[in-house]
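Peer 1: Protein chains in written order, with numbering that gives the first Met the number 0: chain A, 0 to 143; chain B, 0 to 293; chain C, 0 to 670.
By construction, these hints were calculated from the structure, which means they are not laboratory data.
Careful: at least some of the hints might be erroneous.
[What the hints assert, rightly or not] Derived DEER-like restraints, expressed as beta-carbon distance ranges:
# : chain 1 : residue 1 : chain 2 : residue 2 : range
1 : C       : Leu596    : B       : Leu131    : 55 to 63 Å
2 : B       : Val27     : C       : Glu486    : 25 to 33 Å
3 : C       : Ser460    : B       : Lys176    : 25 to 33 Å
4 : C       : Glu486    : B       : Lys176    : 44 to 52 Å
5 : B       : Asp94     : C       : Arg287    : 37 to 45 Å
6 : B       : Asp94     : A       : Gly139    : 46 to 54 Å
7 : C       : His523    : B       : Lys176    : 41 to 49 Å
8 : B       : Ile154    : C       : His523    : 38 to 46 Å
Since this is a predicted model, take the numbers as computed values, not measurements.
A virtual CB, placed ideally from N, CA and C, is assigned to each residue, including glycine.
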Amino acid sequence: MADFNPKIVAFVCNWCTYAGADLTGTSRMKYAPQVSIVRFPCTGRIDFMLLLKAFAGGADGIIVSGCHPNDCHYSSGNFHARRRWVVFRGLMDFLGIDVRRVQFSWVSAAEGAKWAQLVNETTDRIRRLGPFADYQRLRGLGVG
Amino acid sequence: MKTGFYPGCSMKGSAREYSESLLAVARVLGRELPEVPDWNCCGATAAHNLDHDLALALPARILAAAEKKGMDEVLVPCAACYSRLKVTRHELLEDEKLRQRISGLVEADYRGSAKVVNIIEWLAAVPDLEKLVKKPFQRKVACYYGCLLVRPAGIVEFDRPEEPQSMDLLMAKLGAKPIDWAFKTECCGAGFSVSRTDLVAKLSGLILEDAVSRGAEAVIVACPMCHLNLDLRRPNIEKRTGKKYDIPVIYITQVLGLAMGLPPKKLGLQRHKVAVKFAPAESPVPGVSAKRGA
Amino acid sequence: MARIGVFICHCGENISATVDVVKVVAEAARIPGVAHSVEYKYMCSDPGQQLVKNAIKEKNLTGVVVAACSPRMHEPTFRRACAEAGLNPFLCEMANIREHCSWVHEKGEATTQKALDIVRTLVAKVKKNKALEPIKVPVTKTALVLGGGIAGIQAALDIANSGHKVILVEKAPSIGGHMSQLSETFPTLDCSQCILTPRMVEVAQHANITLYSYSELESLDGFIGNFKARIRRKARGLDEKLCTGCGLCMQKCPTRKIPSEFDAGLGLRPAIYVPFPQAVPNKPVIDREHCTYYRTGKCRLCEKVCPTQAIRFGQEDEIVEAEVGAVVVATGFDIKHGDFFPEYGYGKHQDVIDGLQFERLASASGPTLGEIRRPSDGKVPETVVFIACAGSRDPAKGIEYCSKICCMYTAKHAMLYRHKVHHGKPYVFYMDIRAGGKMYEEFVRRAMEEDGVQYVRGRVSRVYERNGRLVVKGVDTLLGARPLEIEADLVVLATAGVANAGAEELAQKLHVSYDAHKFYAEAHPKLRPVETNTAGIFLAGACQAPKDIPESVAQASGAAAKVGALFSQSELVREPLIAVVDRQAPPVYSSCVGCFLCQSACPYQAIEKEEFRGRDGQVVKTVAKVNPGLCQGCGTCVAFCRTKSIDIQGFSHAQVHAEVLALLERGERDG
Chain A
0 MADFNPKIVA FVCNWCTYAG ADLTGTSRMK YAPQVSIVRF PCTGRIDFML
50 LLKAFAGGAD GIIVSGCHPN DCHYSSGNFH ARRRWVVFRG LMDFLGIDVR
100 RVQFSWVSAA EGAKWAQLVN ETTDRIRRLG PFADYQRLRG LGVG
Chain B
0 MKTGFYPGCS MKGSAREYSE SLLAVARVLG RELPEVPDWN CCGATAAHNL
50 DHDLALALPA RILAAAEKKG MDEVLVPCAA CYSRLKVTRH ELLEDEKLRQ
100 RISGLVEADY RGSAKVVNII EWLAAVPDLE KLVKKPFQRK VACYYGCLLV
150 RPAGIVEFDR PEEPQSMDLL MAKLGAKPID WAFKTECCGA GFSVSRTDLV
200 AKLSGLILED AVSRGAEAVI VACPMCHLNL DLRRPNIEKR TGKKYDIPVI
250 YITQVLGLAM GLPPKKLGLQ RHKVAVKFAP AESPVPGVSA KRGA
Chain C
0 MARIGVFICH CGENISATVD VVKVVAEAAR IPGVAHSVEY KYMCSDPGQQ
50 LVKNAIKEKN LTGVVVAACS PRMHEPTFRR ACAEAGLNPF LCEMANIREH
100 CSWVHEKGEA TTQKALDIVR TLVAKVKKNK ALEPIKVPVT KTALVLGGGI
150 AGIQAALDIA NSGHKVILVE KAPSIGGHMS QLSETFPTLD CSQCILTPRM
200 VEVAQHANIT LYSYSELESL DGFIGNFKAR IRRKARGLDE KLCTGCGLCM
250 QKCPTRKIPS EFDAGLGLRP AIYVPFPQAV PNKPVIDREH CTYYRTGKCR
300 LCEKVCPTQA IRFGQEDEIV EAEVGAVVVA TGFDIKHGDF FPEYGYGKHQ
350 DVIDGLQFER LASASGPTLG EIRRPSDGKV PETVVFIACA GSRDPAKGIE
400 YCSKICCMYT AKHAMLYRHK VHHGKPYVFY MDIRAGGKMY EEFVRRAMEE
450 DGVQYVRGRV SRVYERNGRL VVKGVDTLLG ARPLEIEADL VVLATAGVAN
500 AGAEELAQKL HVSYDAHKFY AEAHPKLRPV ETNTAGIFLA GACQAPKDIP
550 ESVAQASGAA AKVGALFSQS ELVREPLIAV VDRQAPPVYS SCVGCFLCQS
600 ACPYQAIEKE EFRGRDGQVV KTVAKVNPGL CQGCGTCVAF CRTKSIDIQG
650 FSHAQVHAEV LALLERGERD G
């Protein structure tokens, strides 16, 4: 569905990806406006059940991004996030949510261009997957 | 544990005595060594110099045949064949796509279940080997490992690559006195035996010189190539160095056979170029008979 | 009832060029809970900030959202402004509509809607913000320095000279470390002991420094500003107050053939000994492992001859407790020993030695009084081969890193050899020459050009003994990989610099991270080289990675400066954006069930146990508690907690939940 504009929430860490996105801005690089950021101190803070809340709230896609492994500002938060992602991916599959709707990535504070590319590629992918309508359908049945 | 035996071309030809002594010793140990059925040449140096696929396919065919026969391990006494088979198994286990392709080439689904062991590993695993020693081989020996028994370290994973000890320890069990010498793993000239015999004469000469200067009475080998260069090429060595070297070169299985009390003819000692004989033992250990030679 | 003030900045044209600011102001005013919504050209300017302050007072605002640039830019600015107007600074948030919106999208409806989304998100968040007070933790202004080598000595002196107390703990009987074993130092060829011993004496005499030599750290508890250290003072076997250091005991001791650690095994010492003449403190130690009395019950000769009756055979170790505010780890390094180079005969041939052993040969106070002599027969070597990179940069030997100092000290050794043996022939087999410091390249050039050291680029494959000489088989790669055989009298290996034995154990006591090679981990390799991830514990010297003396000294002074900064405050003030475990009235006490998953997840050991007792004094419940001095606010524990009993200020469950839902409130985006 080429004319559909997805809503994408990005869960990012303050020290790397948020700063990287700032750099994209200072460099005036342009990217698709469908992604909005929620700031966390560290990807380790991200409770992955919050991602399901985001889908329930109407998100069509999600980006989770933090510091590269070994570079976490708090040493190991991103390792925990990575492990949780692996488990969560299995859960998504089990629930029947297309795994491609969540993009897990590492963007450092120096990678302004990578953030722009990540946003554009993810927006493109979610656009092709179409809106995530499952929760809306459930609501129609009186659930949620 | 079913052990198969891959003799390879040399052991049926120029290194016949290695095979004879191995089988004689195996009989005493009560070990059966069935040959891998319909085995082919491992490819030796020629194959891996010409074509990577051929170099892998030849050993893969051998190992696949061994697996089919239910062999858990294959004993490969020739160090070069051992190297080829070991490397092939390693490469094919590391790369699934490669394994599938080579399996296709040899028309057999090679799985890599059969382990590849060299003569020293096999002998070291024999329990209570010392108990079988009737005539301790009380000589000073220089254990020569050559290139392929302990290298490349990452693939062979056996003994120390720079200063190996496994053959020395085995020889000590047989009553011998292994000496500490500097040319344990130095090159003998290898395949240049035919094309550049002069180089072999130089390199092998250095090996013998070091062994002799440190008082060795025999050089012990576990490889037909080593034996050929150090023994058969003796006249070339003597011509180039201008010195006479009487030191015999003996296969480890032959030493084991002698220590077990087997007659020398059964061990093929007469096939050597350099006669296997020793000066009378200078200070025999009381209570133990002195070593007699060929 | 929330009364949020929203302030939209134009940022000149940076925001207003692509975002319809007027529309955002109007829409924001309609968000429930927003009591004030205005725009201004430059919010961060003085008049801009004044707008915020006035609105707080006039409209009784309970929260502020400034929609402008990134919070990484101006969050402190606006928080300070709020504080000055009487609003708790943590009730102020910034909505990033510049870097994340106006600068990266085209002018249009979609951009304006996104800016509005962002504002709405932060308004929802700030409604859930709590007023927070900065955390204050007291500071004990005494520093603990572990290790009395040059780095430890420098750090101790710097901290002591800035007026603070220092406790310096050294494992060996004397301070000085490896630098005291060196003969001369590169690139100046200064006599090592001459420049070191004055510092050692200064440490011993400094009013602010308490020196515990022949001592080790037993345990360390507590946190930054508030550590409790237990130090084991090992029994020397004498009353230090009575001992005058006369040395009579050492002269008379009958057990004299113990390999001397200070002489790297090349010299001998008695069982009661001072490691070297300039030792600080200059008091001996009884080596109980070799002393005849401790082994057989006989002798005690030293006791008999001591003029002040200072010997105490039954003496026991003593544990000293100390309260300190900061720790500097300066425990140094070692060089690799042992049977890891059989092809070089290291450990087999007496005349194959390592770099530290060569230093002792060259040293005027060494076992050969400064003459270069072979350990085997005492002859002066005519040909010496130095092998650089003996173990370093070699994955096959398990050490892939470069040990940094060997190129320089090998050049130094070769030069010293030539200075002492004028007709000597030194060869150096090298892979590369790393001489990156000040005057370093010139130093190596000097070795090659003035002192005639023969540098051969190639590796050595084997060293073996033949007719009393050492045959070195190598290759000269600059001459087309030509094989080279040199008959040497002495071979010196520049073996790899490695972590001290016991480094791992100490790191675990301190809760400091270390790498695969047991070198201690700095907090950030570029920007925080003297700090560790454990607040209050700093690093100096080669315990962090192999390095030379100038770098060790610089790093030590850096660590001392950090300690000084820490001690310059009477209290430590920290941002309160940390984790907090739920607490409720008895009998519940807390929703925490005491699984302590959070504790295992925390990289800073900031989670402790708290016991709640009933009226009968019995422990009713053990729950988690966050140490406000240690928590760094990452929130990893929060995501672990299965009962949601631990939450983080500033990014709480309520806050992020509100943000996510607010972000998705609007229907499908257009544009």
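Peer 1: Hint by hint, say whether it matches the structure.
Peer 2: Quick rundown of the hints versus the structure:
no., hint, result
1, Leu596(C) - Leu131(B): 55 to 63 Å, "holds (60 Å)"
2, Val27(B) - Glu486(C): 25 to 33 Å, "violated (47 Å)"
3, Ser460(C) - Lys176(B): 25 to 33 Å, "holds (27 Å)"
4, Glu486(C) - Lys176(B): 44 to 52 Å, "violated (28 Å)"
5, Asp94(B) - Arg287(C): 37 to 45 Å, "violated (58 Å)"
6, Asp94(B) - Gly139(A): 46 to 54 Å, "holds (53 Å)"
7, His523(C) - Lys176(B): 41 to 49 Å, "violated (59 Å)"
8, Ile154(B) - His523(C): 38 to 46 Å, "holds (40 Å)"
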